[in-house]
Each structure stands twice: as C-alpha cells, then as structure tokens.
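Chains as they are written, first to last, in this note's numbering: chain A, 1 to 350; chain B, 1001 to 1350; chain C, 2001 to 2350; chain D, 3001 to 3350.
Take the hints with a grain of salt, since some may be wrong.
[Unchecked claim] Heads up, simulated DSSO-like pairs for lysine-lysine below, C-alpha to C-alpha not over 30 Å straight-line:
id	chain 1	residue 1	chain 2	residue 2
1	C	Lys2164	B	Lys1307
2	D	Lys3051	C	Lys2276
3	A	Lys205	C	Lys2051
4	B	Lys1205	C	Lys2051
5	A	Lys307	D	Lys3307
6	D	Lys3276	C	Lys2051
7	A	Lys276	D	Lys3205
8	A	Lys279	D	Lys3276
9	B	Lys1107	C	Lys2225
10	C	Lys2307	B	Lys1105
11	C	Lys2279	B	Lys1205
12	D	Lys3307	A	Lys164
13	C	Lys2030	C	Lys2164
[What the hints assert, rightly or not] Footprint (simulated), chain C over chain D, 3 or more residues, beta carbon under 8 Å:
id	segment
14	3038-3047
15	3269-3279
Calculated directly from the structure, the hints in this document are not laboratory data.
C-beta: ideal position from N, C-alpha, C; glycine also.
Protein chains: 4
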Amino acid sequence: MKTVGIIGASGYTGGELLRILVNHPQAEVKAATSRENAGDPVYRLHPQLRKLTDLKFIEPDVEKIAETCEFVFLALPHGASAPVAKKLLEHGNKVIDLSADFRLKSKDDYPKWYGWEHPCPELLDQAVFGLPEFHRNEIRNAKLIANPGCIATASILSLAPAIKTGAVDKSRAIVDAKIGSSGAGTHVSISSHHPEHSGLVRPYKPVMHRHTAEIEQELTFNGVKPTIAMTPHAIDMVRGIMATGHMFLNREITNQELWKAFRELYQNEPFVRIVKDVKGLHQLPDPMNVVGSNFCDVGFEIDPHGKRVITFGAIDNLLKGAAGQAIQNFNIMIGVDETTAIRFPGVRPV
Amino acid sequence: MKTVGIIGASGYTGGELLRILVNHPQAEVKAATSRENAGDPVYRLHPQLRKLTDLKFIEPDVEKIAETCEFVFLALPHGASAPVAKKLLEHGNKVIDLSADFRLKSKDDYPKWYGWEHPCPELLDQAVFGLPEFHRNEIRNAKLIANPGCIATASILSLAPAIKTGAVDKSRAIVDAKIGSSGAGTHVSISSHHPEHSGLVRPYKPVMHRHTAEIEQELTFNGVKPTIAMTPHAIDMVRGIMATGHMFLNREITNQELWKAFRELYQNEPFVRIVKDVKGLHQLPDPMNVVGSNFCDVGFEIDPHGKRVITFGAIDNLLKGAAGQAIQNFNIMIGVDETTAIRFPGVRPV
Amino acid sequence: MKTVGIIGASGYTGGELLRILVNHPQAEVKAATSRENAGDPVYRLHPQLRKLTDLKFIEPDVEKIAETCEFVFLALPHGASAPVAKKLLEHGNKVIDLSADFRLKSKDDYPKWYGWEHPCPELLDQAVFGLPEFHRNEIRNAKLIANPGCIATASILSLAPAIKTGAVDKSRAIVDAKIGSSGAGTHVSISSHHPEHSGLVRPYKPVMHRHTAEIEQELTFNGVKPTIAMTPHAIDMVRGIMATGHMFLNREITNQELWKAFRELYQNEPFVRIVKDVKGLHQLPDPMNVVGSNFCDVGFEIDPHGKRVITFGAIDNLLKGAAGQAIQNFNIMIGVDETTAIRFPGVRPV
Amino acid sequence: MKTVGIIGASGYTGGELLRILVNHPQAEVKAATSRENAGDPVYRLHPQLRKLTDLKFIEPDVEKIAETCEFVFLALPHGASAPVAKKLLEHGNKVIDLSADFRLKSKDDYPKWYGWEHPCPELLDQAVFGLPEFHRNEIRNAKLIANPGCIATASILSLAPAIKTGAVDKSRAIVDAKIGSSGAGTHVSISSHHPEHSGLVRPYKPVMHRHTAEIEQELTFNGVKPTIAMTPHAIDMVRGIMATGHMFLNREITNQELWKAFRELYQNEPFVRIVKDVKGLHQLPDPMNVVGSNFCDVGFEIDPHGKRVITFGAIDNLLKGAAGQAIQNFNIMIGVDETTAIRFPGVRPV
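Same shape as in the complex, but just chain A (with noise of 0.2 Å):
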C-alpha cells in the first residue's frame, strides 16, 4: 500500500484522480488539495464521489504533503508544477506531474513553446516522459514522471506507425484535432460558457499549438525530427479527443503494411487497441468509445486518390490523456500489473 497526494485536487483532472484512486487497492490517498475548498469534502466539488468517500480538502503545504505522501501526483496550471516539482524531489518523493513542466527534453523548447525560461533545467533530464506504450522501462525506475499532453497522447499513438513504415512524408505530416470541453479544466471563461460553447467547432490556437513539441519531440525516431502541423478545434462534446493525421505517402502502401505497423506497436499493450473493423457502425476510432476509460482507439484508412494515409486516435482527455495515464505510470512505478484500478470499460452511450 502506497501513501499518495494529489496537489491541485479541486479540477476535473483531480476528481479523476481521486475516482480511481479511492477504488485503488494499492493506494491510500492521504491528502488532496484545494486552497479555495479547504475543509470541504470532496464531493461537494466532485459529487460521483459522495458516500464512496469521506476525504476532504486541505490546504496545499507541500511540506506536510512531502511527509506524509510517498507519491504525490501534481494536477497543478503549467509554470506552477515545477517548483513544487522540484522541492518534493528534493524530500523523496515521487512525483508525477500532470502539467507541461517536464515535457520537453530541450530546455529551448521552452521559450520557443511556452514563451518562459524553464526554472530548473538540471530537472529536465531525470524526467520520464510518461507514455507506457514508448517508455515503460524508464517509468519503471522514474522519480519523476512528466505525464503526457491529451492531444499530444492521441496524437503520437496514432501517428506512429505510419511514421515508423517510413512510407509517408515526415516533413508534412497534418494533425487536425476535434477536442471536448473538459480539456480546458474547471476555470469559467466565455469561451466555456454554454451557449457559447453548443454547436461550435472553433478552432483553438490553430498555430503553433503547445502541444506540437512533444508530439514532434516523441515522433522522432532514429534521429529524425518530424514536422507536425497541428490545429485543434473545439466542438461541443464534453469528454474526448480526436486526433486525425493526414500524412502523405512517398511510396505505395498496403493495409496489411499498416496493420502490421500497428500490430508491432501494439499488440501487446493493455491500452491500445487497433480498431478497423469491416462491418457495422463503428469501424474506426470514436472518442465516444472510448469515454469513461484509458483505451486509447487507433486505427487508419489508405486514401488511393489523396496519395495519403489518414490515421485516427481517439481517447478520453480525463483519463489517457491526464489522470488514467498517470495511474498507468503510477501502477508501472509501483510494479503491480499495470491495468490495476484502471481496466474498466468505457461507458456508452452517454
């Protein structure tokens, strides 16, 4: 049984968090933080949980939090993870952090992405960029594990095979994602309010999205860099990604090419699954099967007129994309079998 915090408990990626962990056999969730909820229990914020359980918000000392937790799971605004990163380290702790502070392995990515100086650059190498399908090994031994963007899992699970083939042009290589409303967490904006945000597709930052580091960063391999060009848009669903990658081909491809692409990937992994089914309604991947769950849906089409190969990922935001995927870490760090707490099927309809 491990000792857990979660700092920055009050938002959505914290009330998934608290969701799987109360259920968690191997967990015991020993603070959860809110500075404006101080006191309140957490369902008052997060009312799935009222009678499953009795914990209540505290303060966020990280001090304390640093005693009493072995491993502390940060759901904080990114910029604000990295110092709170850097003094539980410095306790022992493990961290596992939920914000972009440690995503990127170059700290000039940082002002180039972000717009600031990373602050503690000596940190940026012991980070483990925390995709389990691309580094289970390091996560295994990882003190501080830098949990991947949501656009950015459905993006490079999707995307990698058929770069992998090296069948499609690398330098040109499209993302265009359809996102849901929960991604942008629990502050009010106009841009959130409902009327504003029923029936829309807007697209949201359509250059220079964030999010294309570590896609380009996680997509490099033998040494070549990719060069995505990715816009997401905002549509009116709540849960959910989808992220659509328009590649094109430098030589001719077959489906049984990419399926095996695909199968070596992921045939083994827990959390993906490969979807290109020849019948019935639901033949390629779907953000609504996959709501409610850590599945991360993958599968690809061949376009004979386009001359490009057309890949879909599909997963939740809240959990494959922040919280499910954390525990997933989580549970790799601790050396339990890696579904544990998480193996629940999506639910649908919804």
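Based on these hints, arrange chains B, C and D on the given structure of chain A.
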C-alpha cells in the same frame, strides 16, 4: 462462481449487463444472445468492450441456455419476456427479468395499463419486485425478479419518504419526469433521429404512462394506494432520469422531519444518496452526477408559498434504472456483498 | 420611421433586438450601448450581424440617448433599469424595459419577491405589463412597457385558458419549467460552464422563484389570484423554455371545452399557436419548434387517471420571452402591423 | 411573381425551401410534394411553419407540376433527380436541382465517384453549377441549375483564394470537414440514432467522398485541377459544416497577400464574409455563427512552423449548403435582388 446468460444482449441494457459482468468476480457469462448478430463479437455492437472480452453473440436458444446458465437475465421487449421466463423457471433457472412483464402484482392491471391479458398470471405471485431498498429479504430467495422500470425507480425512491410522513396529499401527487434517449433502446425511429432529438422538450405519453402502475403499487403503504399523475418529457440527454415530485401538504412540515424520513429509509442503503447541500453547485440531485453509476440521488425542498413538497430523484436509467439494479439483485440472490462489481462512481463531467 | 436606442446591447437579448431591428422597416437604431465594448462594431459580440450592420457600441450616456432616440429598449440587470427608465420618461421617451423592474403592480411585492424596496413606486401605475395577448389596448398608449419574464410568458399563456374555465383548482397549480442556458445571459459562472451544463437536469431556484409573482398577477381573473407553485430546471438546451402546468380538476372537463377555452383566447392571436395534433411526431408544444421565432406554442392534455389537466407552453426565451415580445410591443405602440419584422418562422432542426 | 414547385418537400431541405418561399415576395408556391404525406398540411412535418402557411403536401405528379409551376426545385435523392429534371426541361420549366445529378461536367466522373452511368449525359452541358460567387453570369440564363453540395460549398469558397495565389501545393490539399446530422436528411438509421450520434466524432466516408469530385472541378483554375484529399467527420451538431483546409506552402506568403486574395474574390459578395478578427471570441469562422443564415464565413491562418496555410469555411448546410443557395440562384434567375428573402442573420446562440 455462477454461470449467467443474457437473452437480448444487443441493446443498451445488454451492453451494460456485459460491461458489469465481465468484471464481476462471481459471474461467468456463458451466453449473450442476439438473433441478428449471432456470430459477431459483442464488442462490434458494444465497442467499449473491445479488448475486455472475446465473447460472441449466439442465437437465442432458450433450452440450451437453460442448461448452461444458472442465472438468466432477460433484456427482451415487454410482452416477449413472460413466456421465456416461464420456460426457464420450469428448468430451474433463476430469472432476472428486465421487462415489465412481472412487475405488477394484480393481473387486472395488465389489461388496464398494458392493453393485454397476462399470459402466465400464475407466476405473478412468485415474482419479486426487484427494488432492494424495499424488498431485499424477498429478493434473497426469489426465483423470479421483476426488475423495476427506470422512471419508476427514480420516482418510488424519491417520493416514498414524503409519502410515509403522512404530511402530503396522496391523491394529488405529480411526477414530472425528464428522460434521456437511451431509455428507448436501440430501435431507431423518427423520434430518436438526432436532428429531431436535439434541443427538444417533448412530452412523452403525458397521460397514462405505464410506469404509473408500478409506482402506485410500490408507494402503497398501510394499504393506501396513492394516485400518481405522471408525465415524462424527452430531453436532450442520452443517459439519465430526473423524477421531480410535486406533492401538496396536508399540514406544516419541517426540513428536520423530512430529513428524518429520508434518513430512516436510506441511511444504510449503499446505492441511495440524500443530496441536500447548502453550498456549491450541486445542492440537489442531478442525473449528471449519477451517470455511469448505480446510485439513486434523492433530495427535497419545502415550498412555503405553494404549500408543497418537491422531491427529486436522479438515476442513470441504464444502471440503477436497469442493468445496475439487476446486478444488485443478482448479488443479493447469490449472497455476496450487494455492491460487488457495481461500486464504481459515476463519470463526470461527461 | 422611429429612432430607437438599446441600452445594454451586448447581451443575448441585445443581440436579438439588433437582429430584428436592423431589418425593421419602421425603426432606425441610433444607439446600442455597451460600456465594456464601446467603440467595437456590434458584430464582434454578435457575429451573426457581420455584413448586416456597421453599427458600433457606444457608451451608455442616458442624456444623449434620450435626445437622439424616441424609443428606448432597456436590457439591463434587474434593479438597474428603474432609475434609467425614470430619467428617460422625464425626457419624454417611450421605454420598453426588459428587466423585472416594472412588472409587478403592487409595490409590496418587490420586497417579498425581489428583496428590495422599489425606488420609484410612483411609476408602477403607468407601467403596462407588455403581454399583448392580455394588454394590447393599454400597450397602444403606454409610455412604459414592462416586458414580461420568459418563464412567465410561457406559463401565463399556457395556463390561462384552463384557469378561465373554472374547472381547475386555482390554489394548487404547478408549473414545472425546463429552461435553456441563454436565459441566464452572457455572464459566465461555474453553473454555465460547458462541462457543468451538459447533460444536466438541475433544479434552479426550486421554490420562491421571482417569476411566480408576475404569473400569479396575470392569472388573476375576476379578482381571484391563483397560487402557482413553480419550479424551473436547467437542462442541456441553449434556447427555449417549456412550461408544463399541472392543475387538478374540480369537475369533469372535455377536450371540446378546453379546445374552446384555448381558441377563445388565442384564435386571433398572431403569435400564439394551439398545438394539439393527433398524428405525427409533433403533437404537443416543444421549444425545438419555436426556436428562432416569436411564437408561443400552447397545448394541453386531460389525465383521466390523475384527474388533472396538463398544459404545455413553449417559447424561445430570447424572442417571445424577451426581444421578440419587446418588438411586438413596439409595433403596437407605433401603430404598425404587430408582426412587422418578427413574422419569421423558427429555424428547425437546429 | 413566379409560380414555383418543390418536388420532395418533406425533408429538411424541403422545409427550408418552404420556410424561405412562404416569405418570398416574388414566389408563389403552387406545389409541395410528398408521396408519403400527401394530404397533410406541411406544418405537420415542418412545425415551424404552423400558422404561416396552409399549404398541403400533394402527390408528386410531375406532369401536373410542369403545367402549374414555372420553376421547380428538386429535393430528391441522388440518382432520382435526373429523369425528373429531364421531363421538366422538356416542358420548358426551369429546374433547380439540389441533388448531385448534374454537378459534374464530365460524364466519366459519374461512374468513378457515384458508381453509375449518367442517364442523360446530354444535359450535363447545359447544367450550370449553382455557386453564384463563381458562376453568376451563367446562372442568370440557366435552365438547369446543379445546386452545389454542402461540404463542397464550404470547401470551394474557403480554399479558392489560397489556391489562386499560386503559393500552395495544389497536389496535396487536405480538407478535414466537420458535419452536422441534418446533412443526412430525415432518413432514420442507427448512425443517426440520438444515443449513437451524441458526443461522437465519427469519420464518415473518410476516403473517396463524392463531394471531392465537384470540389476539384470548381477549384480548377487555368486548367490545373488540384488533388483534394477530403475526410468528413460527423460531430454532435445538427446544422453546420466546417471545412478546414490544410495546404502546404511552395513559397513564403504574408497575411496581406492572403487578405488580398480573399478580398478580391469576396468583397462584393453578399453572402461571403471574411472572418479574421484580432480580438474577441469569434476570430475565425465557426458554423455556430452562420446557423440559420445563408452566409459562408471564410478565414485563414498562416502556420510558420508547419509551413502551411489553414483555411476555414463555415456554412449552414441546409441554407448556403442547400436551400438558401437554391433561392439565391432562383433570385439571380428571375432578376431580383440576390438577397431577396434570404438576407436574414443567423440565429445565435442556439
């Protein structure tokens, strides 16, 4: 470990039964039938189950299922269940029927509310109305469970405490229900066509709705049957039911007295939560907070101007309103912890 | 051609007023105010108006507007309208106030329902409740129109005929309303945050809702004020209100008698439609069929079991519930065809 | 005043044609056909039209319609239109065909993209592709209009300016489209079933979509046909299409140059709006801002990292994508102001 079968497993209720049963430590699904989809993997229709089960749909051969399964869940259309249940009972199976065929105790109620004579009225006596909060002891030894209707479950559980106080006019109780689209199942029609089921508030069988009969039956205390005037409205929601009760006061009543009535009935119930908070966004029941779970959230308000008690009952119609409650009954019947495999929190936001 | 101004034009009601007025053959918009957006083209906030008007927001200088505009629409928060209206009336302007500040005839009702003393009670007498179906003649010569509330409009118009028959118990009338998110305006809050306003059925001020006062006032016939017990529920819809009335019968009543009561009130009304069809999907009122229009659809059912009349009233809250009705009043005041510029059908499906 | 008929008036396009035509000062609807609903008032299927027209559906007797109507709108399934159009043309009628039957100029494209031989290829020459922005002069004197497809309209109008600059690679143009459910019409199926069409992002004919052919045809400038790789996704939206274009740059390009290209094509167009704002929530096109209107909003971004131009085209698929554009063509053909009866703003929020 019990062997179980699901007859009619292609619908949404079937999908939810499968979702729960594949993770149930005491159940082994031996049969999931679908005439139309026999031979297909269940994940083709229920894509959330891909990688979680290799089960395939089989033809609905009742004899064979009677042999291989101890427990049989019937997720068949109203009217189609009764003869199948009869046959299974003759084979010594235990039957949990999710249709309406055995919910009413009096055979005279069938012509009145359903428009047909009951084909096997002799079974009505042994059928137990599967609402654990009211009939737990009978369920324990039942051979035939009549799993309650979804609107009925939300209505009965939320209205009961106020009615039991004796302070409300039993002859003039209103239930104004709001229902999601999944309650109507997988059968397509113009009324469930997405453009016609978006942004709607459509009265659905506004008078003489069939669930009225079971609500009145179960809210009969001390031999006094109330008159329930119930009107559901289809709204733009997939899962969820909200039953709003409006009852007029015969005498003054205090919050304390009503709190007491709710607590007496539900404080030990694992799946009923009293929601009446004084702070935050979620002060009263709301289906969005139970979706994906087996909980029924209940709450109330006293209206000093209108001289009325308002009650609220929120459930996930596919879980506490169907499959979840069926498993709760199953758990009671097999003598395990009633919350086995259904203790999961809801998924929110979604 | 009348000169008109809109004070408070940045909200949804302001947007709808502009949408109608830019196409109104008898109106010229001389002022549309927004303190926060002064100088911006109105289409920046109301992008549907791009290319249809070059109007810009200006500062809310009441004196100046009083000079340049004959008619002034006030789309201000409750409480903020009264002093502005007073000043405009002193300048001889005609005022159509979309707030609640002049809706109640009795000054004692303000402390009771709104919690404040009315700042200019002397104006209450000359204010006309702007429901044309009930007060057309007074509207014609009014200087100050109190435009009705949205839930109030749907409730009054749908309950009135049944109450007028004398067959229902006036002391026990229920209104269970379902309301869209646009009714709360453009002010952002956690309750309107998209993830928290999707798939919800959330009771909203379930007792003592302020609209109750104007509903009771307007449903007072022959000096008998009914008691209305009203409970709204926020649902996942942007525009639209459905007011479901539940009233108990004092005596038997026939469909013919109710049809007659509805026809007598509404057969000559240009914006009230009696919807009680015997065929097809749309047999009763549904907000989805009035969205984008100034219609109020009303209908009814008689419940022989519950001994009740159920009435339904559906409107677009921003049109018949606000801006559309304001223009209808304006048309009556200036003596043109009442349907001028608002005769457009609803937009469906949407 | 022109006499007009609508063959196939029961669908959503038929409903929109009726909605516009009942208010059109130069059109008198003499016939609205629906085999299944003959004899019913049109407002039974199109309840937004109740009280606005007494028109009834009639049987589709082409001979009779040819006699009574000068103009005939065909809202028939693809393949069913051609023979009807032929017959009407022989009677001297003018035909506006909303199907795909006459959109492609080359008869060889029909087997390739539609899988059938064109039944009356001799008419292809006289058919005019009814996109006024590109073919206004030919439309003026046309006898047969091929009204463009909905995805095609949004794609052609938004991609054209960038392609015309010569700065983008014409052989590798991506269109990633997001489409609402109303585009599939009133035909019910499991894919349009509300529980299966909520919260979805479902690739729809991800390769070889038929609209590709007309997009490439219309984006052929100076004899160079581009290769368009188009993939639509069904999302949870009723009305609206967003066509996102991704095109790679052959050379550097400035915002100014692209602005100029957009302005040259569209500055005098009544129904195309260039949306590229620097402030506020609505800086780029979004279908939510055109719903209910005949506008096509277009905009663009230049991606310095991905070396790409991204274009956005948003329409209401039933209006600029179908009925609205058909009336625009009709207006041009009869020589009235092109905006007659379709100058209304969109309805938002909705």
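Consistency of the hints with the structure:
no. : hint                   : result
1   : C:Lys2164 to B:Lys1307 : holds, 22 Å
2   : D:Lys3051 to C:Lys2276 : holds, 13 Å
3   : A:Lys205 to C:Lys2051  : holds, 25 Å
4   : B:Lys1205 to C:Lys2051 : violated, 46 Å
5   : A:Lys307 to D:Lys3307  : holds, 20 Å
6   : D:Lys3276 to C:Lys2051 : holds, 13 Å
7   : A:Lys276 to D:Lys3205  : holds, 13 Å
8   : A:Lys279 to D:Lys3276  : violated, 42 Å
9   : B:Lys1107 to C:Lys2225 : violated, 45 Å
10  : C:Lys2307 to B:Lys1105 : holds, 24 Å
11  : C:Lys2279 to B:Lys1205 : holds, 13 Å
12  : D:Lys3307 to A:Lys164  : holds, 22 Å
13  : C:Lys2030 to C:Lys2164 : violated, 43 Å
14  : 3038-3047              : holds (count 5)
15  : 3269-3279              : holds (count 5)
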